[in-house]
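Q: With chain A's structure known, arrange chain B on it following the hints.
These protein sequence lines are chains A and B, in that order.
Position one of the first sequence corresponds to residue 1 (full-length UniProt numbering), numbered consecutively onward.
Position one of the second sequence corresponds to residue 1 (full-length UniProt numbering), numbered consecutively onward.
These are calculated hints, taken from the structure and not from any lab test.
It is possible that part of the hints are untrue.
Computed, partial: chain A to chain B, Cβ under 10 angstroms [as the list claims (entries may be wrong)]:
(1) Leu70
(2) Pro73
(3) Pro75
(4) Leu84
(5) Leu146
(6) Ile150
(7) Pro156
(8) Ala254
(9) Gln256
Cβ atoms here follow ideal geometry from the backbone N, Cα and C, with glycine treated the same way.
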Amino acid sequence: MRNTAAVAVEVTGSEPVAFENGRASLQTWRAFRREPLGMLALGILLLLVIAAVAAPLIAPYPPSYGDPVLASPNPQHWFGTDSLGRDVFGEVVWGSQQSILVAVAASAIAIVVGTVIAVIGAYFRRLDSFVSVLVDVTLSLPVLPLMILIAALVGPSTTTIILVVAAFSWPEVTRLVRSQALIVVQLPYVDAARLMTTSPLWIIARHIVPAVTPVIVVSVVVTASRAVLSAAGLAFLGLGDPNAWSWGRILYEAQQSGAMSSAWWLTLFPSIAILMLVLAATLLSVAYNDARNPRSRRR
Amino acid sequence: MYPRKIALAAAALVASALTLSACAPSAPPAATAVAGSQTLTVATTTDVVNYNPLIGNSRSDYWITNLMYPHLLSIANDGSKVPQVATKWGYVNEKTGFYEIRHDLKWSDGQPLTAEDVAWTMNAVKKDKPSGTFYGQLANLDTATAVSPTRVEFTLTKPDSSVVEEIGFWGNIVPKHVFEKAASVAKFANDGTDGGWVSAGPYKLTKVQVGQSYTLDRVDTYPLISGGTPLSAHVVFRVFPDINTEILALQSGEVDLIANALPPAQVAKLKATSGVTVEESVGLGYAHMTYNMDNPDLAKLEVRQALAHAVDYEAIRKVVLQGQAVSTGSSPLMPVLKDYYDSSITEYDFSTDKSRRLMEKAGYTAGSGGVFPVKFRLIYSLQDSVTSQWATLVKDSAAQAGIVIELQGTERNTYLAKTNKGDFDIYAGNFAIMDDPVTNMTLSYLPGGAINYTHVNDSKLNDLIAQGAATTDKGKKVTLMREAAKIVRDNVYDNIMYTQNLYFAHSSKWTGFVSKPSELLSLVNPVSLAGAHPTGK
Numbered sequence: 001m002r003n004t005a006a007v008a009v010e011v012t013g014s015e016p017v018a019f020e021n022g023r024a025s026l027q028t029w030r031a032f033r034r035e036p037l038g039m040l041a042l043g044i045l046l047l048l049v050i051a052a053v054a055a056p057l058i059a060p061y062p063p064s065y066g067d068p069v070l071a072s073p074n075p076q077h078w079f080g081t082d083s084l085g086r087d088v089f090g091e092v093v094w095g096s097q098q099s100i101l102v103a104v105a106a107s108a109i110a111i112v113v114g115t116v117i118a119v120i121g122a123y124f125r126r127l128d129s130f131v132s133v134l135v136d137v138t139l140s141l142p143v144l145p146l147m148i149l150i151a152a153l154v155g156p157s158t159t160t161i162i163l164v165v166a167a168f169s170w171p172e173v174t175r176l177v178r179s180q181a182l183i184v185v186q187l188p189y190v191d192a193a194r195l196m197t198t199s200p201l202w203i204i205a206r207h208i209v210p211a212v213t214p215v216i217v218v219s220v221v222v223t224a225s226r227a228v229l230s231a232a233g234l235a236f237l238g239l240g241d242p243n244a245w246s247w248g249r250i251l252y253e254a255q256q257s258g259a260m261s262s263a264w265w266l267t268l269f270p271s272i273a274i275l276m277l278v279l280a281a282t283l284l285s286v287a288y289n290d291a292r293n294p295r296s297r298r299r
Numbered sequence: 001m002y003p004r005k006i007a008l009a010a011a012a013l014v015a016s017a018l019t020l021s022a023c024a025p026s027a028p029p030a031a032t033a034v035a036g037s038q039t040l041t042v043a044t045t046t047d048v049v050n051y052n053p054l055i056g057n058s059r060s061d062y063w064i065t066n067l068m069y070p071h072l073l074s075i076a077n078d079g080s081k082v083p084q085v086a087t088k089w090g091y092v093n094e095k096t097g098f099y100e101i102r103h104d105l106k107w108s109d110g111q112p113l114t115a116e117d118v119a120w121t122m123n124a125v126k127k128d129k130p131s132g133t134f135y136g137q138l139a140n141l142d143t144a145t146a147v148s149p150t151r152v153e154f155t156l157t158k159p160d161s162s163v164v165e166e167i168g169f170w171g172n173i174v175p176k177h178v179f180e181k182a183a184s185v186a187k188f189a190n191d192g193t194d195g196g197w198v199s200a201g202p203y204k205l206t207k208v209q210v211g212q213s214y215t216l217d218r219v220d221t222y223p224l225i226s227g228g229t230p231l232s233a234h235v236v237f238r239v240f241p242d243i244n245t246e247i248l249a250l251q252s253g254e255v256d257l258i259a260n261a262l263p264p265a266q267v268a269k270l271k272a273t274s275g276v277t278v279e280e281s282v283g284l285g286y287a288h289m290t291y292n293m294d295n296p297d298l299a300k301l302e303v304r305q306a307l308a309h310a311v312d313y314e315a316i317r318k319v320v321l322q323g324q325a326v327s328t329g330s331s332p333l334m335p336v337l338k339d340y341y342d343s344s345i346t347e348y349d350f351s352t353d354k355s356r357r358l359m360e361k362a363g364y365t366a367g368s369g370g371v372f373p374v375k376f377r378l379i380y381s382l383q384d385s386v387t388s389q390w391a392t393l394v395k396d397s398a399a400q401a402g403i404v405i406e407l408q409g410t411e412r413n414t415y416l417a418k419t420n421k422g423d424f425d426i427y428a429g430n431f432a433i434m435d436d437p438v439t440n441m442t443l444s445y446l447p448g449g450a451i452n453y454t455h456v457n458d459s460k461l462n463d464l465i466a467q468g469a470a471t472t473d474k475g476k477k478v479t480l481m482r483e484a485a486k487i488v489r490d491n492v493y494d495n496i497m498y499t500q501n502l503y504f505a506h507s508s509k510w511t512g513f514v515s516k517p518s519e520l521l522s523l524v525n526p527v528s529l530a531g532a533h534p535t536g537k
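Okay, chain A solo, but in the shape it has when bound:
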């Protein structure tokens, strides 16, 4: 939350840009490359994505059971084994697939919904107060209990988790994008666009959305990292998809088997994976924002 807010302040403080061009992107990339933490975060994220995509090449899918049970890390099982003798390294690697899928899908839904509502609210000013109230109300809801309730009622599955996380993530996106879009719609070039066409859709798609793209990019990363945390939290409470491995499920099964107090490896490795993804996503968004904003670029 803190990082999101910080990013929002930074972004809204920058000059709105009407649309992307190659030169600006290049400048951003050059500036980004000078951000060591950003590059490190990008590297970690790429590593995790590669692990997810290439999981079958890295580790065999964890079988139903194995031998020995609760073995500490050793050359055969780098991350040890769980209470059914399954390889924890395999679980973490294959778990990255579901975690990244939830992150991407939930944030994509949240971004689309959040952006559409934000720009509609900003462009059609009569709707803005309604959008504001809707966002404020949704943000004031007790998110975790509601997520638990919905996931419990609907039944745990990857689709449920994606939809539940997305359902509670879009208001944050709307708030960020709206603040930027409100500035953009008052700029002269948008007035000029209104003289060229009567289609609000064209103006929104052609002029407003490109101008808020930096905010959206930052939101994607921040929302994705929050989605991973939410999904892990739900899975730890037993509301994850029992048909697919996830980092939260590894933690949940460790807790259920009563092995948390003795088998430290069961909790350490999936926790590190979650930490790496969330931290990398946050650092990446901050670094991108710095690189994008000429005022905060490293000279």
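A: Just chain B, lined up with the frame of chain A:
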């Protein structure tokens, strides 16, 4: 005269030997524990939701109310019933049962516990229908009457040879003079707000800190243990988030006993832990899967057989249960029920080839990936960690046979609601105590039975169960139940997978616990907690 002198000398020698032996130091008598001021701290993972023992309970509800409201009968490790409040029980005729009860029990407010309390409890439960196992046992009860202060007789609507022992074991006795003030025992909260609780067990609840602890103080007299007085002054149930924190608390000396059964994978480790003693509790229940025959696919015998042969039972017992479970031979008559167990009924063998052949025989053709065009949804409770683990193994082994099983683990209340609505294809769960085959089969396999999750209605099976309920001839009953068990097994009306022996951990600084079957009774049964005491080391 010599013989006389010799006799005198011998007598003198014996006398002197006796005198000397009387002077010699004798072996100390066996140490007898006496009531002290110690507090026994017990770890649990749930709060008490319901203080009324007549209503369906969670584990903590059961453990704590069990210390206050006694049962007529207790249970031995082989499922046979043993005296508790009742000293004798049986039938006056085929439609009249009786209990003779102890005369020396009193409620904690000084009122005697009499046959009137017993009869009133039975009639009130029958009338008000509180949810729970007790009411479930009263289907054939007509009315109960206290014919003397120590004898209860009750009439039945039809002959039922199991009902005396089942009511005696499952039903708590409550004080009439307290509970009769409520309009309905099914709605009586019994939360102690009306002047506290009245107990006839070894302990009485005195202090509640929701989310933290439940403190019980001992009563002055509890004749069911030797000495007549509970040894610990207080028993405190402390609430912990989960078994992990319970184990840590035991190891650190924060608690003296964990009420919850240990996860199988933790048993060996805790057995090897210094300062911790692990005790076994014999399993008297079973874990099973039932196939919902309302589903047209599962109504086919071959499909149920295919599913039954697609489970690696041995792997489940070896890996998930860590060898702490025994096969029942896929029969509801578990080996622990020695009189009933039939070793000729054998377990379904694990063979995915056989499963495939059975599916093909049922008319299904596997697609290009070897997968049959059916999908079954298996439900289980997320709070049941062992079932949650083997559900994955069941899914994976069925996949080898080309049968897709989708797991749906849910929170316990949702799981129970789905179970009662029949909203599942495959149900996975377990029963803590299935002590009486006739009662169990009545509930599990007769149409309308409370736990007939298969929704089976087999006339031959129905007839056998009805005959078993009516007969009082033990030999005949055993024969009937074995025949019924074979039908259940051959038709896969129930897929009984194992009986799990449970393990419980306590501090080695405490001793005197008495283990009883199942997690309900285990080491936290009233006699056990009343007799537990520090080792003195």
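Q: List, from low to high, the hint numbers that the structure doesn't satisfy.
A: Failing hints, ascending: 2, 3, 5, 6.
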